[in-house]
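There are 2 protein chains.
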Amino acid sequence: MLRFREAAPDDWPGIWAIMKPVARAGETYCWDTSIDETAGRQEWLPGTSGSDPTLVVFVAVEAGTDRVVGTAQLHANRGGNGAHVSNASFLVAADAGGRGVGRALAGHVLDEARAAGYTAMQFNAVVETNERAVALWISLGFSIIGTVPGAFVHPSAGPTGLHIMHRFL
Amino acid sequence: MLRFREAAPDDWPGIWAIMKPVARAGETYCWDTSIDETAGRQEWLPGTSGSDPTLVVFVAVEAGTDRVVGTAQLHANRGGNGAHVSNASFLVAADAGGRGVGRALAGHVLDEARAAGYTAMQFNAVVETNERAVALWISLGFSIIGTVPGAFVHPSAGPTGLHIMHRFL
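Line by line, the protein sequences give chains A and C.
Here the first sequence is numbered in the working numbering, starting from 1 and rising by one per residue.
Here the second sequence is numbered in the working numbering, starting from 1001 and rising by one per residue.
Simulated from the structure, these hints should not be mistaken for lab results.
Just so it is clear, CB atoms sit at the ideal spot from N, CA and C, and this is done for glycine as well.
Warning: the hint list may mix true and false statements.
[Stated by the list, open to error] Simulated coverage check for chain A against chain C, where a stretch passes if three residues somewhere in it have a Cβ under 8 Å from a Cβ of chain C:
1. 74-85
2. 93-105
3. 111-125
4. 158-167
[What the hints assert, rightly or not] Distance ranges between label pairs, derived from CB positions:
5. A:8 x C:1141: 46 to 52 Å
6. C:1064 x A:114: 54 to 60 Å
7. A:116 x C:1115: 38 to 44 Å
8. A:132 x C:1001: 34 to 40 Å
9. C:1115 x A:46: 47 to 53 Å
10. A:63 x C:1156: 47 to 53 Å
Can you make the complete structure from the sequences, with help from the hints?
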């Protein structure tokens, strides 16, 4: 059983345990593949100083153990007259794959986005070769707005596209 | 006659004189329309602290007077395995419109992007109603990758799309 809640500072080691191998693999996020823990934390779970004031970070934890098995960021995709569109990012523990953690966490974050007053959600850079993620987003009502050709250099597949995906809430 | 160079701290008043009315109008950028000068500077001409290390800011100045009539930002659109795609933003003084400042500045920035090793340029949020800008980018070889529907609330036109535009360099 999963439980969803806002991330607390104490969740960072559990988040980094998920984030680090994703960063090192370099297959799904536009992060420096050698990103260290300090920069990783600034990227995913920044303090208040200088960070995006709209950012909320969630974790999916195993009920009982409180072990972090997934995490998500939710924030405004743009400011000013574009601030009604949200953006979210997701990470799921490698050993929790295939158990529906991503789908359940995404459902929670979509609900939170609606509750926060956002009227749409946009992903700016879904790696085209990340077929499982693309299929998940489509099954959750997202569509591909367009694909930027060769915008991502996949470590094994080479230049690949980045999808912009979107759905209204 | 125009001259192009990297922006210096002393250029800020001239840049803000261009940026402030664009921000207040709220028709072309996703900035808080009430953005103050300090936040404006942080947005366009930040110091080194916490800012994007890839960012370079240019100004177009009138030869002779050194008056700033346009400015542009150039930086990596993403990090890591997406860092080969650049992003740029442009501002032209209202009283310099129609004189080709935007086109000339864009040409300069495209050259600088190539020289910096970027292999493409992407715009993430070109307001659909900003027809002059869209036409300029198309004339300079950009294409519309896709349009995010209703992603921008134009102060008079209401909900309008944001184009993602792209060209290889």
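Hints and how they fare:
no.: 1; hint: 74-85; in the structure: holds (count 9)
no.: 2; hint: 93-105; in the structure: violated (count 0)
no.: 3; hint: 111-125; in the structure: holds (count 5)
no.: 4; hint: 158-167; in the structure: holds (count 3)
no.: 5; hint: A:8 x C:1141: 46 to 52 Å; in the structure: holds (49 Å)
no.: 6; hint: C:1064 x A:114: 54 to 60 Å; in the structure: holds (56 Å)
no.: 7; hint: A:116 x C:1115: 38 to 44 Å; in the structure: holds (42 Å)
no.: 8; hint: A:132 x C:1001: 34 to 40 Å; in the structure: violated (56 Å)
no.: 9; hint: C:1115 x A:46: 47 to 53 Å; in the structure: violated (33 Å)
no.: 10; hint: A:63 x C:1156: 47 to 53 Å; in the structure: holds (51 Å)
Going down the numbered hints, you'll see the structure goes against 2, 8 and 9, while the others check out.
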